[in-house]
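Undergrad: Fit chain C to the given chain F structure using the hints.
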Amino acid sequence: MNDRNRHSDRSRPRQGGPGPEGFSDGRLVEVHSQIARNKQEPALGFSMTPIFVVFLFCAFGFWAGLYLTRNSRGFSASAFDLDAPVVSASAGPVAFEPDAAKGEKLYLANCAACHQPTGMGLPGAFPPLAKSPWVAGDEKRMIKIILLGMAGEVEVAGAKYNGNMPNVGSALKDAQIANIATYVRSAWGNAADPVMDTSVAEVRKALGARGQLSPKEILDAHPLGK
Amino acid sequence: MTQEQRSGRPDEDRARVSRVDAPLRGPFLLLFGSAVLWLTLGSALSLVAAFKLLPAGFGSCEWTSFGRLEAAARNAFFYGWAGNALFALNLWLLSQLGRFEIRNGWMAAIGGLFWNLALIWSTVSVIISGPGAYALLDFPAGAGPVLAVAFALAGLWPVVAYAKRPTGHSFAGQWFVVAAAVSFLLAFVLAQVTVVWAPAAGVAQAVAHSWYVRTATLLWLGGSALGLGYYFVSKVLARPLHAYYLASVAFWTYFLFAGWTAPASLIGSPVPLWVQSAGVVGSMMMLVPVLLVGLNLLGALSQEGGWSRAWNSTALRFISVGVVAILFSLVLAAWAADRSVNAALRFTSFAEGQGVLLLYAGVSMTIFGAAYAALPRVSGSRWPSAAAIHTHFWASFLGAVGSAVSAFAQIGGASQTMAFVGLVSTGLLLAGHLAFAANTFATLLKGSPAPESHPAQD
Numbered sequence: 001m002n003d004r005n006r007h008s009d010r011s012r013p014r015q016g017g018p019g020p021e022g023f024s025d026g027r028l029v030e031v032h033s034q035i036a037r038n039k040q041e042p043a044l045g046f047s048m049t050p051i052f053v054v055f056l057f058c059a060f061g062f063w064a065g066l067y068l069t070r071n072s073r074g075f076s077a078s079a080f081d082l083d084a085p086v087v088s089a090s091a092g093p094v095a096f097e098p099d100a101a102k103g104e105k106l107y108l109a110n111c112a113a114c115h116q117p118t119g120m121g122l123p124g125a126f127p128p129l130a131k132s133p134w135v136a137g138d139e140k141r142m143i144k145i146i147l148l149g150m151a152g153e154v155e156v157a158g159a160k161y162n163g164n165m166p167n168v169g170s171a172l173k174d175a176q177i178a179n180i181a182t183y184v185r186s187a188w189g190n191a192a193d194p195v196m197d198t199s200v201a202e203v204r205k206a207l208g209a210r211g212q213l214s215p216k217e218i219l220d221a222h223p224l225g226k
Numbered sequence: 227m228t229q230e231q232r233s234g235r236p237d238e239d240r241a242r243v244s245r246v247d248a249p250l251r252g253p254f255l256l257l258f259g260s261a262v263l264w265l266t267l268g269s270a271l272s273l274v275a276a277f278k279l280l281p282a283g284f285g286s287c288e289w290t291s292f293g294r295l296e297a298a299a300r301n302a303f304f305y306g307w308a309g310n311a312l313f314a315l316n317l318w319l320l321s322q323l324g325r326f327e328i329r330n331g332w333m334a335a336i337g338g339l340f341w342n343l344a345l346i347w348s349t350v351s352v353i354i355s356g357p358g359a360y361a362l363l364d365f366p367a368g369a370g371p372v373l374a375v376a377f378a379l380a381g382l383w384p385v386v387a388y389a390k391r392p393t394g395h396s397f398a399g400q401w402f403v404v405a406a407a408v409s410f411l412l413a414f415v416l417a418q419v420t421v422v423w424a425p426a427a428g429v430a431q432a433v434a435h436s437w438y439v440r441t442a443t444l445l446w447l448g449g450s451a452l453g454l455g456y457y458f459v460s461k462v463l464a465r466p467l468h469a470y471y472l473a474s475v476a477f478w479t480y481f482l483f484a485g486w487t488a489p490a491s492l493i494g495s496p497v498p499l500w501v502q503s504a505g506v507v508g509s510m511m512m513l514v515p516v517l518l519v520g521l522n523l524l525g526a527l528s529q530e531g532g533w534s535r536a537w538n539s540t541a542l543r544f545i546s547v548g549v550v551a552i553l554f555s556l557v558l559a560a561w562a563a564d565r566s567v568n569a570a571l572r573f574t575s576f577a578e579g580q581g582v583l584l585l586y587a588g589v590s591m592t593i594f595g596a597a598y599a600a601l602p603r604v605s606g607s608r609w610p611s612a613a614a615i616h617t618h619f620w621a622s623f624l625g626a627v628g629s630a631v632s633a634f635a636q637i638g639g640a641s642q643t644m645a646f647v648g649l650v651s652t653g654l655l656l657a658g659h660l661a662f663a664a665n666t667f668a669t670l671l672k673g674s675p676a677p678e679s680h681p682a683q684d
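Protein sequences appear in the order of chains F and C. Each step along the first sequence adds one to the number in the numbering used here, with nothing skipped, and position 114 is 114. Each step along the second sequence adds one to the number in the numbering used here, with nothing skipped, and position 383 is 609.
Errors might be hidden in some of the hints.
Claimed, not checked - Some chain C residues well away from chain F (every beta-carbon gap over 12 Å; in silico): (1) Leu279; (2) Val372; (3) Thr420; (4) Leu521; (5) Ala635.
Unchecked claim - Derived CB-CB ranges, DEER-like: (6) F:Ala209 x C:Trp478: 31 to 39 Å; (7) C:Ser291 x F:Asp81: 32 to 40 Å; (8) C:Leu416 x F:Gly65: 23 to 31 Å; (9) C:Leu416 x F:Ala209: 41 to 49 Å; (10) F:Tyr67 x C:Arg572: 13 to 21 Å; (11) F:Gln212 x C:Leu416: 31 to 39 Å.
Derived from the structure by calculation, the hints contain no laboratory data. Idealized CB from N, CA, C, for every residue including glycine.
Chain F with its partners taken away, still in its complex shape (with noise of 0.2 Å):
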């Protein structure tokens, strides 16, 4: 029985099938069920194919299992988000290390609109952070500016700035406020230690619910180093 012609008929519509070359249906099955058995099609010559396969699946594989591993916290259920902390079943939560690059993300998020991701500020607009005395000594001082904002007239390296800086810390976590303190204390020449969260929680907790600081209240309190 000739397979082939089969079903090409002249009286179906080319639309309504295939051409009159087209494959039977029969024959359509059968011959993928040889070449998956045979594995190979030397006419068509692609034996590379299965090589180039298996090495691109394992690349795959082997990148989705570094990715699982650093991106699921100890696939604990109580970890929501790349900022929670390393979680490990057996030793609870993990301390809190001040990580300058987390806090350079966050900087840039967060600050950079305004100082610069420079650190250098907008002159007449915007104060600088790098090598400033504010940044600088005291973390107290900092972590208050950034948790609650400052509106009244500061120096600055000689340069006077009459600015309005809004609360941009209260959405922050603490552990979010201490990197980015650490980032901006350690970055453009800065050479202060590093903030530890329980700090900014220190602070928070004792500021309370309240608005913006003026520099005098800062400085009363955070005298600038000399």
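TA: Then chain C, alone, in the frame of chain F:
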């Protein structure tokens, strides 16, 4: 394509109905006819909803608010059009490949009847009392079990046809279709239980819902469409698929990872981090089956003038566009699952554009192509109008692409111009679907000759 349309002698107007196709006729025409009705209804609802996005708008009637129209249109497209059409086409395809002559076709017809009754009930309920919280599960609770039973009656025939195939040989198209049917029923029942009837606690509900949406979209609609793609590419080109021995890897990886892409839509929400990360990994891993399916299908199309032959065959013209769109939308989904990209795209219209590409340019076009091949063989009459086919192709192609472009262009923010482009595209889709509906019903009304007496199975 055109010279085929001129009918010479009266009997030239008839296509041959094979022994396999003859008993399919009743259920196939019922299911496909209702699918086309849902398609036009859904497109009309979409068009009204698209008007709502223009400032001029109209009316403030609750029944015609955007949310209700959009939900009703989505359900009509998803369950009414794609669902019914895939019942018919999957049954047809597996009957062809397994030389299966259906005996209890009335069961499929009853299933289709109840499926449609439940859908009418839920569409009316969505319009009158508003959609529920969960897209694609937003029909009245009572309709869920009816739909599940109706699916079991109408949608599982491919499994029967596969089990009864005469030889041990099988083809990738069959695997995709069988697995698509089984996984939809499984996902639907589980989603009904965990989201509607005995809601899981807290965020588990959202996870279950996202899993259902991805499974239903990627496995049932996408899997069935790829199954049809495997069949028609090889069949019309009359050549084996490129690197076919990789098709089994493509199949298993596709069905393994598609469900795991679900949590990618929950990145940034309060579900456990590892679930979100699994979604990212699942979406990226989908690139493996995308590559392999591309190698199989687009590889075959790229050899020896395959594309021009595809262009000259009505069925394959639609289907090759559909397959390319499905693969492209999956690549986009993988890209958007990357955490930093996702942070920028999360609450934008990006997902909508990607969904349009997958469903309207991908799945829907594939179904159209398969229907252009299957309907004449089942009904025994040819498509009456080539002009309508051309109109249908260009209107639905440009409509789908335009809708996607309109959604992508509004990622940065709503734009009146682009909302207008969206409206025009939705209008184009409706025009194309009306052309298709007119052509379909003209075919059905022409009637059919009795099946031939000599064996003509193929």
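Undergrad: Confirm or reject each hint.
TA: Taking the hints in turn, this is what the structure says about them:
{"no.": "1", "hint": "Leu279", "result": "holds (31 Å)"}
{"no.": "2", "hint": "Val372", "result": "holds (34 Å)"}
{"no.": "3", "hint": "Thr420", "result": "holds (17 Å)"}
{"no.": "4", "hint": "Leu521", "result": "violated (7 Å)"}
{"no.": "5", "hint": "Ala635", "result": "holds (26 Å)"}
{"no.": "6", "hint": "F:Ala209 x C:Trp478: 31 to 39 Å", "result": "violated (57 Å)"}
{"no.": "7", "hint": "C:Ser291 x F:Asp81: 32 to 40 Å", "result": "holds (34 Å)"}
{"no.": "8", "hint": "C:Leu416 x F:Gly65: 23 to 31 Å", "result": "holds (27 Å)"}
{"no.": "9", "hint": "C:Leu416 x F:Ala209: 41 to 49 Å", "result": "holds (46 Å)"}
{"no.": "10", "hint": "F:Tyr67 x C:Arg572: 13 to 21 Å", "result": "holds (19 Å)"}
{"no.": "11", "hint": "F:Gln212 x C:Leu416: 31 to 39 Å", "result": "violated (53 Å)"}
Checked against the numbered hints above, the structure breaks hints 4, 6 and 11 and satisfies the rest.
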